[in-house]
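Participant: Each chain is listed here by its residues.
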Amino acid sequence: MNIKPYVNLYELLEVNPSSREENRAFGLTQVMLKNKPVEQLLAWIEKHKESLKKPLLSETFSSYLYRVTFALVLIAFALGLLAGVGLLSYNGEEPVNVIYFIAVAIFIPLFTMLLTLFAMLRARSTEGVLVHLSPAFWMEKILGLLPGNVQENIKALQINPLLANWIIIRRSQIIVLFFSLGLLLSLLAVVVTKDIAFAWSTTLHISPEVFHNFLHTISFPWREIVPSAVPSLELIEQSQYFRLGDKLDDEMIAHASELGEWWKFLAFSTLFYAVFLRSLMLILASFGFSSAVKQSLLTLKGTTRLLREINEPIISTHAMKREKAFISDDESYGQIVNALDASYDGIQGWAIPQSELFVLGDSMNIISPKHFEVGGTKSFEEDSEVIFKSHGEVLLFVKAWEPPTMDFVDYLTELSSKVDKVVVVPIGTVKNHYEATPKEIDVWENKLSLFGDMQVWLKRSSTKALSRGAENGES
Amino acid sequence: MASRRQIDFTHPKFAVVGHPNKGKSSIVSALAFDDSVQISDTPGTTTKKRSFPLSVDGKILYELFDTPGFQRARKVLAWLEKHDVPANKKHEVVQAFIDTHKDDERFNDEIELLEPIMDGAGIIYVVDGSQPYGEEYETEMEILRWTGQPSMALINHIDETDYSEEWKMALEQYFKMVRTFNPMQTNFEQHMNILESMAQLKEEWISPLKVSIKLFKQYQEQMLERSAFLVTRLVYESVSAVDTLSFYTQEASDEERQKIESNYKDRLRDLEVSTQKHIEEIWNHDHLQTKKKDLTFERMDLFSEETASVFGLTRKELLITGVTSGAVTGAGIDLLFAGHTLLLGGAIGALVGGTGAYFGFNELSEVKVLGQTMGRRYLEIGPMENRNFPYILLGRAMYHTMKVAQTSHAKREVFDIEMDQTFKEKWLDDTSRKSLEKYHKKFRSGSALEPTELKEYEALIKHILKHLIDA
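Line order of the protein sequences matches chains V and L.
To convert, note that position 19 of the first sequence is 19 in this note's numbering; the numbers rise steadily by one, no gaps.
Residues are numbered in this note's numbering as their position in the second sequence, beginning at 1, plus a constant of 1000.
No false leads were slipped in.
Derived DEER-like restraints, expressed as beta-carbon distance ranges:
id	chain 1	residue 1	chain 2	residue 2	range
1	V	Glu382	L	Val1085	22 to 32 Å
2	L	His1083	V	Asn311	50 to 60 Å
3	V	Ser355	L	Glu1221	51 to 61 Å
4	V	Leu117	L	Glu1251	43 to 53 Å
5	L	Ser1432	V	Lys47	40 to 50 Å
For lysine to any residue, the following SDA-like pairs were computed, each having C-alpha atoms within a straight-line distance of at most 25 Å:
id	chain 1	residue 1	chain 2	residue 2
6	V	Lys321	L	Asp1103
7	L	Lys1217	V	Ala25
8	V	Lys54	V	Thr69
9	V	Lys34	L	Lys1455
10	V	Lys321	L	Asp1104
11	V	Lys321	L	Ile1098
12	V	Lys431	L	Asp1162
No lab work stands behind these hints, which were simulated from the structure alone.
Ideal Cβ positions, reconstructed from N, Cα and C, are used throughout, including at glycine.
Just chain V, with the same shape it has in the complex:
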């Protein structure tokens, strides 16, 4: 796995190419990937990748990484070659001290590999101090060489620290591996092209026996397979030299051909410690990197939402269609009556029983010869008969809490065409002493203003007198 899915997902989450419905539809079609968030994300990226602007940021970024790594690999390889040539430089007077080469081919790789292992364990931390030692770390510093807009995009990307650390760890292994290959190549090339007298020398008091044991231990991976690649005690004794003695003593010269045997040991040491173990580290780093890419996909801003949209069923309770906006006409009605007259030609009640109309009339000291219940449970024939009998000025009581229906409007239209004046009086409940609330009267006023009949009036002043009268009526 490479970094491309991560960068693609970052870009896709920024442009948000699909709706919640589309994401859920995707989730439903990818049933096999259920409960596998990383796989779901990878499949989702593949599906939507085409919608991204070309060239893809991931392509630019990967190619940048590739180019920088390639350049560093070449440099490392060249350095490896040069280091090898330098370590093996022999002028024919002084033998080549194998200790230097052993240090570069065995100890430095072992030490750096230990550091790498430590860095791998600490890859989660934001600041990987050891990672800063890596030449690959400086890749980031070369970011400035990229074109301005790409640079901006990459900066905005803010790569997850875990992923950034693994990118560097992995790429460092590649670079160092090529350094080691360079070293190995130079060793082989020098051995082929030159006649080198290898020797060993140290300030420490190390006897050839001890040194032999040490080299024997180091050679454990190949000593059984290639015994000739392990220096014998005899060779070690013959090739030891001291700075103040004769650099090339007689014995050394006598065994000149044997001294060259060291090269096998050095080649196998480089092959195993610097190349083979480093390759293992590279494999390990590749696994770590791959796992970091997967984990980092889940940490990108917007991933949680996306996974939720993919996996959660869309539950909707909303109306399919939008409702047409209702515009209320809060107009005030022009034909308002504040006080009622002492007598009317008729008192009628919309869905109010006749008995209650008598009580209401008495309580309000209103005299009328006719009291009729209309609407409600009355038939249209009965209503028509009442209208037929109506004339002059009519008082029409209505239940204030029941909003006016078109049935009422129909009746009112017919009644007003027959009489001179209709006064609509909204009354409250008995519990409320027949007192209508201003809100209830507003509803009636709105309805009557829509009706707009010059014969129809609305009683809307305080109904205190009425409620007082009603109490008397009830008693």
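We have chain V already, so just place chain L on it with the hints.
Facilitator: For chain L alone, kept in the frame of chain V given last:
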């Protein structure tokens, strides 16, 4: 006609019908979690039937219909009664009425409300139990009886007066079931009870409605999870936020220092407002937002002392939290050294934590001057150093989410978010404070978090929210 009654029988349908202005739309709004339904005191607000399907991934489980109120019920009944038919043919007469008057504007409302019923919808007849019963309602109930569809009555309470008993006596004559439901004060449990009652109307509706109930529970869980996620992001992003401001003189001026602090505060305020908006959207209260735009906790600013006194910890609580969290860290060191530190780690940790908490009570975050050696000087503020701030922010977010989750979708008045001085005791006990502090400390450090850490914090927030909303 018979074939028409068989159409669309794949999922249960319910038509909410009744007299004008008796709260039909409020009930639909509450049952459908939809605050876009127009509700007003003016009769005739609903002029067209409107469908509110409960769907999962596009599959409809049941459908609610909001309908206009009866306008000319007497005329309709008179027309129906002209046809002398046996009981098993009455529904055909209703259908004939619809077919005959389809283009008659006078019966537009009746046709709108009868159509879904004749298409197989169960009837939910709504009355206002806070107003007296009137015989004129019997006309409407009689028409509904003619349709032959299963029916139930819902007594709504628009006002405080109660005439439920007289309504029940009358309604039981016409309906199989009579239930009381106040859409303004409904909670999740009552909502589910109504769905269970609706399921009883017809045997074949029991199973889909049981699935719907299960789904509603899942829906509630989804909303809770999303809210917890947003609250978590809010606290994390606010506490770890860092702002910078470049300056080009030798020393940063006081105005520049004030400016960066003001920018920083504005950024945190914006984060809070945007989270609130998203939470309202999650709970389907999109329309609440428009009325509440400038209302931020009774204009109680995020950084005011007032808000700190309501939502924040007291100095003593903060001190205890600091001491405990410091001691825990110190104890970790003791453990590492198998107690060879003579438990000094715990003691020092407690002292450091407690001192930090005591002195970090009022200040927000230090304004630092950076980049002096690099040539480009800038001021930097953040991450938030005030130890009380996460609790204040969290308290406000919890309070807002709880209020939104508990608000009925039938409510149309300005969102009531009156302060509750005892709120802190309801959600923040010693245990949760200790658990939260562990994460707040991490957020303050500004270091990158493990994804699992935010998940753990989110789970904690979800648990607290659930407890608050269900209470």
